[in-house]
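Going down the list, the protein sequences come from chains A and B.
Numbering of the first sequence is given in my numbering, commencing with residue 1 and proceeding in unit increments.
Numbering of the second sequence is given in my numbering, commencing with residue 251 and proceeding in unit increments.
What the hints contain is simulated information worked out from the structure, not anything from laboratory work.
Errors might be hidden in some of the hints.
[Said to hold, decoys possible] Quick list of simulated restraints, FRET-style, between CB atoms:
id	chain 1	residue 1	chain 2	residue 2	range
1	B	Glu399	A	Ala50	43 to 51 Å
2	A	Ala46	B	Thr258	49 to 57 Å
3	A	Pro201	B	Arg265	53 to 61 Å
4	B	Asp345	A	Ala213	49 to 57 Å
Quick caveat, the model's predicted, so the values are computed rather than measured.
Every residue, glycine too, gets a C-beta built ideally from N, C-alpha and C.
As a plain string of letters, each chain reads:
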Amino acid sequence: MTLNMLVAPDFAPENFPGWYMLSTLLQGRSGLRLHLLMPSDAHEQARMLADGGVDLVYANPFDATSLIRSEGYIPFARPAGHSDEMVIATAATSPLNCVEDLQPDCSIALTDNRDVKLIGLRLLEPADLTEQDIRWELANSYQAAARMTLNGQVDAGFFLASAYHSLARITRERLKVLVESKLRDITHVLLAHPRMSEDLPKLAEALLGVNPADPGDLEVLKALGLANGFEAMEQEDAEFMIDLMDTLLD
Amino acid sequence: MHVLPDMTPPAEPHRSAKAIYQDGTSRVIHWSEREVPFPDGRLIVSRTDLDGIITHANAAFVEISGYSREELIGAPHHILRHPDMPKVAFKDLWDTLKQGRKWHGYVKNLRKDGAHYWVYATALPNVRNGEVVGYTSVRRKPSRKRIEELVPLYRKWLEEEIAGVGA
Numbered sequence: 001m002t003l004n005m006l007v008a009p010d011f012a013p014e015n016f017p018g019w020y021m022l023s024t025l026l027q028g029r030s031g032l033r034l035h036l037l038m039p040s041d042a043h044e045q046a047r048m049l050a051d052g053g054v055d056l057v058y059a060n061p062f063d064a065t066s067l068i069r070s071e072g073y074i075p076f077a078r079p080a081g082h083s084d085e086m087v088i089a090t091a092a093t094s095p096l097n098c099v100e101d102l103q104p105d106c107s108i109a110l111t112d113n114r115d116v117k118l119i120g121l122r123l124l125e126p127a128d129l130t131e132q133d134i135r136w137e138l139a140n141s142y143q144a145a146a147r148m149t150l151n152g153q154v155d156a157g158f159f160l161a162s163a164y165h166s167l168a169r170i171t172r173e174r175l176k177v178l179v180e181s182k183l184r185d186i187t188h189v190l191l192a193h194p195r196m197s198e199d200l201p202k203l204a205e206a207l208l209g210v211n212p213a214d215p216g217d218l219e220v221l222k223a224l225g226l227a228n229g230f231e232a233m234e235q236e237d238a239e240f241m242i243d244l245m246d247t248l249l250d
Numbered sequence: 251m252h253v254l255p256d257m258t259p260p261a262e263p264h265r266s267a268k269a270i271y272q273d274g275t276s277r278v279i280h281w282s283e284r285e286v287p288f289p290d291g292r293l294i295v296s297r298t299d300l301d302g303i304i305t306h307a308n309a310a311f312v313e314i315s316g317y318s319r320e321e322l323i324g325a326p327h328h329i330l331r332h333p334d335m336p337k338v339a340f341k342d343l344w345d346t347l348k349q350g351r352k353w354h355g356y357v358k359n360l361r362k363d364g365a366h367y368w369v370y371a372t373a374l375p376n377v378r379n380g381e382v383v384g385y386t387s388v389r390r391k392p393s394r395k396r397i398e399e400l401v402p403l404y405r406k407w408l409e410e411e412i413a414g415v416g417a
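When you get a sec, could you build the whole thing from the sequences and use the hints?
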């Protein structure tokens with residue numbers, strides 16, 4: 001039997017091959033067959049999940065909430081030392097210097113990533129800005145959001161922090177960070193559908209055994225952008241994170 | 251029942267009083283006018299058990315409160331209670347949580363050194379297998395404008411409470 005593993009579409013483009021490297025490694029060590037599903041955006045991901053054939057998910061924290069509490073998916077691992085953070089940046093030449101400088105009716109570029117938008121909205125609260133106060137400009141990638149920001153098409157851009165720090169140096173030099181989150185407790189999560197609970201121990205052992213101290217394994221982890229590897233996640237760890245996410249919804 | 255030790259008086263100008271808490275315990279507190287700004291981009295996270303005893307404190311909580319993690323874990327959440335906060339705000343908090351609902355509010359918190367920090371707090375019940383097993387509180391950077399609007403209201407509520415006690 002082949003297990004379908006879906007990867008949330010919010011990693012930096014250069015990490016794409018890393019998932020295929022990890023899949024190959026896990027198949028070799030667990031004896032399980034994996035088929036990667038790599039949706040290009042949140043809509044395609046939702047469609048794949050709705051089809052009902054997804055056995056494993058590398059989910060962003062926002063989606064993990066409903067997958068665990070509504071669909072019964074089992075959390076079993078998360079990236080070690082790799083929390084989901086976001087950056088609000090403006091052009092280096094902008095007169096804006098902090099979030100509180102943003103005014104109602106300002107324009108912000110963002111990609112189709114609900115976690116980034118959710119956390120970003122919370123970081124705008126000190127400026128008394130709500131979702132309705134902003135003119136949102138949808139960008140199809142973080143690179144596009146960066147271009148819109150540094151060209152002055154928008155007042156600021158929302159970025160997944162890892163994607164922001166992966167931007168070319170010359171791009172980052174033309175941008176200025178207004179705020180970067182340091183939430184620490186919010187991470188992507190690896191989830192298993194309850195129907196594969198029999199195979200889960202083998203897969204979890206293989207995944208948690210990917211060792212950053214082993215040069216071959218480290219190559220795979222670096223390709224993923226997750227150099228510290230994975231750590232086990234208990235149900236209660238996930239419930240704690242979901243409660244935390246819940247407090248950020250409004 | 252956990253009785254908090256009296257606070258150490260700060261070196262800077264301050265006021266002092268005996269604080270009496272909901273659980274019947276009391277301690278001497280000291281507070282100055284100094285405000286410590288909420289750190290940008292951070293969340294202060296804590297969890298308590300059903301009795302309001304702190305069971306989890308993240309690094310941001312430890313840093314801004316001025317207490318060590320060891321001092322916070324096992325202490326009642328009212329260790330943060332500032333005398334400028336009206337009791338009615340916390341009554342609303344606990345009434346809302348006991349109904350299984352989420353609570354939001356602006357809170358002035360007392361640090362170990364007598365200074366204070368303002369937060370926008372959200373608290374919610376931790377429901378596991380249909381039962382409430384504790385509470386999570388997440389505090390984020392507040393709107394300064396909202397705080398300025400609320401300060402006179404909190405002062406009015408506090409004066410009403412003091413007048414009510416005296417009557």
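Results for each hint:
For the pair glutamate 399 of chain B and alanine 50 of chain A, the supplied restraint of 43 to 51 Å holds, since their beta-carbon distance comes to about 44 Å. Distance hint check: the CB atoms of alanine 46 of chain A and threonine 258 of chain B are about 55 Å apart, consistent with the given range 49 to 57 Å. The supplied range of 53 to 61 Å is met by proline 201 of chain A and arginine 265 of chain B, whose beta-carbon atoms lie about 60 Å from each other. Restraint check, aspartate 345 of chain B to alanine 213 of chain A: a C-beta distance of roughly 52 Å satisfies the suggested window 49 to 57 Å.
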